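Trainee: Since the structure of chain F is already known, use the hints to place chain C on it.
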Amino acid sequence: MDRILSNKWYVAIFVLPALLIFIAFVIIPIITTGVYSLYDYNGIGEKVFLGFSNYIELFTKDRYFPDSVKNSFILVAASLFIQLPISFTLALILSRGVRGEKFFRTIYFVPVVISSMVIGQLWMRIFKSDYGLLNILIRTISGSDFEYAWLAQPKTAFYATVVPAVWQYIGYHMLIFYAGIKSIPNDYYEAAQIDGATKFKTTLKITIPLLSPVIKTCMIFALTGALRSFDLIYVMTGGGPNHASEVPSTLMYTNLFRKSLYGYGSAQAFFIVIECLLFSLIISRIFKRAEENASSL
Amino acid sequence: MMIKEEEIHMKVKKIITLLLVVAMMTGIIGCTNADNDASLNESTTDNAAVNEETSDDSQATTDEEIVLNVWHQWSNDTNELKKLYDEAVAAYEAEHPNVVINTETLDTEAYKTKIAAEFAGSASGIDVFYYWGAGMARKLVNADALLPLDDYLTDDVKARILPGSTGAFEYNGQTFSVPMFSWYMTLFANKALFDEAGTKIPTTYAELVSASEKLLALDDVTPFAAGAKDGWNAAFIYQAMALREVGGDDVNAMLRGEKPFTAQGYEEAAKKVSELYDMGAFGKNPLESGNDDANSAFITGKAAMRLMGSWFANQVYTDATATIDPDQVVAVNIPVIEGKGNPSDYAGGFIESFWVNKGTSYPAEAAEFAIYINEKMGQAAYETGTGFSGWTGDFDESGLNPLFIQIKELLSEGETGVLAWDTSLDSEPATIHNELVQTLFADGFDIEAFIEDHESAINQ
Chain F
67 MDRILSNKWY VAIFVLPALL IFIAFVIIPI ITTGVYSLYD YNGIGEKVFL
117 GFSNYIELFT KDRYFPDSVK NSFILVAASL FIQLPISFTL ALILSRGVRG
167 EKFFRTIYFV PVVISSMVIG QLWMRIFKSD YGLLNILIRT ISGSDFEYAW
217 LAQPKTAFYA TVVPAVWQYI GYHMLIFYAG IKSIPNDYYE AAQIDGATKF
267 KTTLKITIPL LSPVIKTCMI FALTGALRSF DLIYVMTGGG PNHASEVPST
317 LMYTNLFRKS LYGYGSAQAF FIVIECLLFS LIISRIFKRA EENASSL
Chain C
2 MMIKEEEIHM KVKKIITLLL VVAMMTGIIG CTNADNDASL NESTTDNAAV
52 NEETSDDSQA TTDEEIVLNV WHQWSNDTNE LKKLYDEAVA AYEAEHPNVV
102 INTETLDTEA YKTKIAAEFA GSASGIDVFY YWGAGMARKL VNADALLPLD
152 DYLTDDVKAR ILPGSTGAFE YNGQTFSVPM FSWYMTLFAN KALFDEAGTK
202 IPTTYAELVS ASEKLLALDD VTPFAAGAKD GWNAAFIYQA MALREVGGDD
252 VNAMLRGEKP FTAQGYEEAA KKVSELYDMG AFGKNPLESG NDDANSAFIT
302 GKAAMRLMGS WFANQVYTDA TATIDPDQVV AVNIPVIEGK GNPSDYAGGF
352 IESFWVNKGT SYPAEAAEFA IYINEKMGQA AYETGTGFSG WTGDFDESGL
402 NPLFIQIKEL LSEGETGVLA WDTSLDSEPA TIHNELVQTL FADGFDIEAF
452 IEDHESAINQ
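Those protein sequences? They're chains F and C, same order as listed. Going by the numbering used here, the letters in the first sequence line up with residues 67 to 363, in that order. Going by the numbering used here, the letters in the second sequence line up with residues 2 to 461, in that order.
Next comes chain C alone, as it looks inside the complex:
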């Protein structure tokens, strides 16, 4: 009797342990597959819906619910563009009752990694996404991951696009996206400090050197905040000099791989940046401070000049930590080098926009939405003073700050634009370029290695 009881006990125990193990296993499996299951269910129900509709009659397809997964990188709630995006989406959904826009956001760096990881797989959870054209999207185009929009661009849409704004979105004769907004590089100068130093805001390189000399005499003021700890900040200064030395057309040809990185101008540009470093124009240790430090130095009156994209104009006005008088800030073109380049060349252009995943289940709807949101966000960026819309139309300019209007006037004279090199080049030469230009901001700069390494990275 006793033995039997014990046997039963054992059996119960065995069953319980087995059940526990099964529960644990399903837990683990459930965890790993939860996402796949969800998306699978979604697509199967959608397919079922499609089948039903098509068998009923073709008219009914408008009632089919279409879910578009859209990804972008305006993740911060304080970002005005995020709010305007949400408004544009709400308006779109109101107009298209059968379309549901499901938006996901991440911070820039995390966003880039996420998109790369998604497209390393099937990217099934992405229909429309924010990305950068030219060199960055080329990888996706080569992998046949992007939907060309040519078939969806009606004449009406094409007529509204600003001429010459689609260069970064065209590959092999196909158009993969439409422009959103552009940026424009200017030299921001704090006039109050220039007055104090008794010099004028530079329009040429020679003036830049002499102004820097005078500004150095001021206490606790760096003439030119470089932010060179961040490679792209260092690169901006070098690229500006190279643009003036070599000229926009030739730089573009070099970035497209049509001309080698050998022109004398690239070397001269490097020497000029190095010369500015040697005279202390960037402060004693420019490699110590990055983009944020440099921006902060400028808006607190600790630096007299800053070479930045047009987006910086807003910060001068809205940053709570700013102590300078925004009306004293002047935006001018990159100083020219006497007898070289073309003053109408500029750095900037259209690079960001929304793209369509080729694997989307609803190419027509996704393409329509991508075109719509690019136009809307182009307008939104302009009206908030963030960038310049790639679309024609009547925009509300009441919210623009004076600095942004100055830049807008500079832009209207611009002819040949050169994008930031790290967005035009492939990721490997782009990274090497951003690293190499940092060597200009330290002692012991080696011009030969600088040119050689650029050549081997870019010309390959």
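Just chain F, same shape as in the assembly:
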């Protein structure tokens, strides 16, 4: 095996099929999107070359795009600072061997398995003004006849979609953290225990540093997932009311498939790709040092 892998030709040949598929279904579409974004194109008929004016319009004239980017950053923040800490805490608790470990692991993972369409419908019912679970709860507690349309009011519509978005993938990240924690050898903990370290201290000094590659992966998943989130928002609000809950991908969808602005929509799509790559790179950079420290441990 070593001999085969040391021959560069073999490596090339083995990598080739996957590489071809990757190029055909990832690289080429991204490049085509980039090319389309330079044109005025309605999907059928003539393409008119515009240069960068689609991008200029996007950042200077588009009334909804800046707010949609802001919304996506809110979603990123919620994913990184609410979703991941919860996932991590749950993973820590479960990995300590609570009773019913397997049961809870499965329960928390269930939302990940359910289709986003179903989750969206479910939470739409929860947020409904008249018979929604949330409002009924508030009514029971407060005794008033509280009737607030969470998803139909511009102030709350977007935040109401953030809740299920964060909730849905808690189990997913929890499982990755859980697997990571389980793979840390017990010896470290035993040694720390002998040295008299508290549980909190071992978490801080052993678990987190050794888990940094896993944390990095989770952060990249959470971040890119939030930046290109689409399904839940599309189902629950469609970007409305009056564009209050738009994110770049819902705007892109409207432009591409409703307004037939293939060039302009492609510019938004390309922006999302670049944004995701850029942030992934930044996170990788930040973690590079942490990982070096961990490996020297």
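All clues stand as given, with none of them false.
Taking lysine-lysine and the BS3-like style, the derived pairs with C-alpha atoms no more than 30 Å apart in a straight line are:
{"no.": "1", "chain 1": "C", "residue 1": "LYS341", "chain 2": "C", "residue 2": "LYS409"}
{"no.": "2", "chain 1": "C", "residue 1": "LYS113", "chain 2": "F", "residue 2": "LYS113"}
{"no.": "3", "chain 1": "F", "residue 1": "LYS127", "chain 2": "C", "residue 2": "LYS272"}
{"no.": "4", "chain 1": "F", "residue 1": "LYS325", "chain 2": "C", "residue 2": "LYS113"}
{"no.": "5", "chain 1": "C", "residue 1": "LYS303", "chain 2": "F", "residue 2": "LYS221"}
{"no.": "6", "chain 1": "F", "residue 1": "LYS113", "chain 2": "C", "residue 2": "LYS260"}
{"no.": "7", "chain 1": "C", "residue 1": "LYS140", "chain 2": "C", "residue 2": "LYS377"}
{"no.": "8", "chain 1": "C", "residue 1": "LYS115", "chain 2": "F", "residue 2": "LYS325"}
{"no.": "9", "chain 1": "C", "residue 1": "LYS140", "chain 2": "F", "residue 2": "LYS127"}
{"no.": "10", "chain 1": "F", "residue 1": "LYS325", "chain 2": "C", "residue 2": "LYS359"}
{"no.": "11", "chain 1": "C", "residue 1": "LYS359", "chain 2": "F", "residue 2": "LYS113"}
{"no.": "12", "chain 1": "F", "residue 1": "LYS325", "chain 2": "C", "residue 2": "LYS260"}
{"no.": "13", "chain 1": "F", "residue 1": "LYS113", "chain 2": "C", "residue 2": "LYS115"}
{"no.": "14", "chain 1": "C", "residue 1": "LYS359", "chain 2": "C", "residue 2": "LYS83"}
{"no.": "15", "chain 1": "C", "residue 1": "LYS285", "chain 2": "F", "residue 2": "LYS221"}
{"no.": "16", "chain 1": "C", "residue 1": "LYS140", "chain 2": "F", "residue 2": "LYS325"}
{"no.": "17", "chain 1": "C", "residue 1": "LYS272", "chain 2": "F", "residue 2": "LYS221"}
{"no.": "18", "chain 1": "F", "residue 1": "LYS113", "chain 2": "C", "residue 2": "LYS140"}
{"no.": "19", "chain 1": "F", "residue 1": "LYS127", "chain 2": "C", "residue 2": "LYS260"}
{"no.": "20", "chain 1": "C", "residue 1": "LYS272", "chain 2": "F", "residue 2": "LYS325"}
These are calculated hints, taken from the structure and not from any lab test. Keep in mind the model is a prediction, meaning the values are calculated, not measured.
Mentor: Then chain C, alone, in the frame of chain F:
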């Protein structure tokens, strides 16, 4: 000796890996090209057949097998129109033994995307397809993708087409399709709830307001189910008001780009919808419910009125979840605004039909089939109470429900029809319009922005 054996071993391994790689590669290439190959083969064999026939003698062309690929959007097996389409196709094939109709279907939204994607390429797999006229097909006409049918419309066919039903299919003086069936917008009212509230079904805007006030007194009843979460539902209500304020001819002129969106009536119409929202006629949060929720609210007696197309009549009778008495449902014209517009103006018309791809290999046959299927499906839509046929003839009316017959009578008095704006306008202003009208169904409606944004979208 040992070394040699090892060398042979290596060679065998090398050959095996190479073979594997080749197998994988052909697998990948095979996958991506499978479709193209198939269609290529088909067309080449067809061409070969054509060559053979023509060299033999011209008589033999009737034996040539012609495959027409037809696309439509009645994808659901429970849809009666799908069944009737299949019957019509079987009858056509029996009459034309050399023609094979190969039908593909997709659900509406997926269908629109699929057709757009096909025509972004060569659309070689499409001969005849279902599409929407007016603003939607204009893009295809401009791209020179549609076959004009003028040469194939015999006097006999023209005589059977209902006068004034081809407007949505004519571009630059050419006719690209023939009508299938039309729709007609009415106000559906649940008489039982009106009786309970002690008011009458409105014929004017003033009556609509006073009826809504009385209906609000009923417990758990929304006077008017808007379904405004779906832009086109919100748009229906605004378009109805604008039709009454501005008049059908002027709205049509505006949609054709001949008149700007500046008339006072458009603003008045917006104010009226907003007024209805403010008084609670659409319920507290109309933006929470879409088309399906609103339909469901009406057929379960939770809403007293619903402004919808004639297709809704069927649902009142056939929907298994309906709890109201269908005989209590009355269809009336859009309430008029005193002293404005023309009562004979209506919203609706012919918009859907089958079209022919200009790139088809068999223009004559495809055109003949398109005309045939439009006529047949027009009849089928009428006989099932889905829409009104664009063709004259003796139709079987035994299956029509009373509500549909009411609408038919309303339609017979209609003179100037206005199509749904989102099908008349180009896709960009259409989308902007559907988004803007939703702002009428929420607090803080900004009339100036509403008019300005419409102007900049429509008048450009």
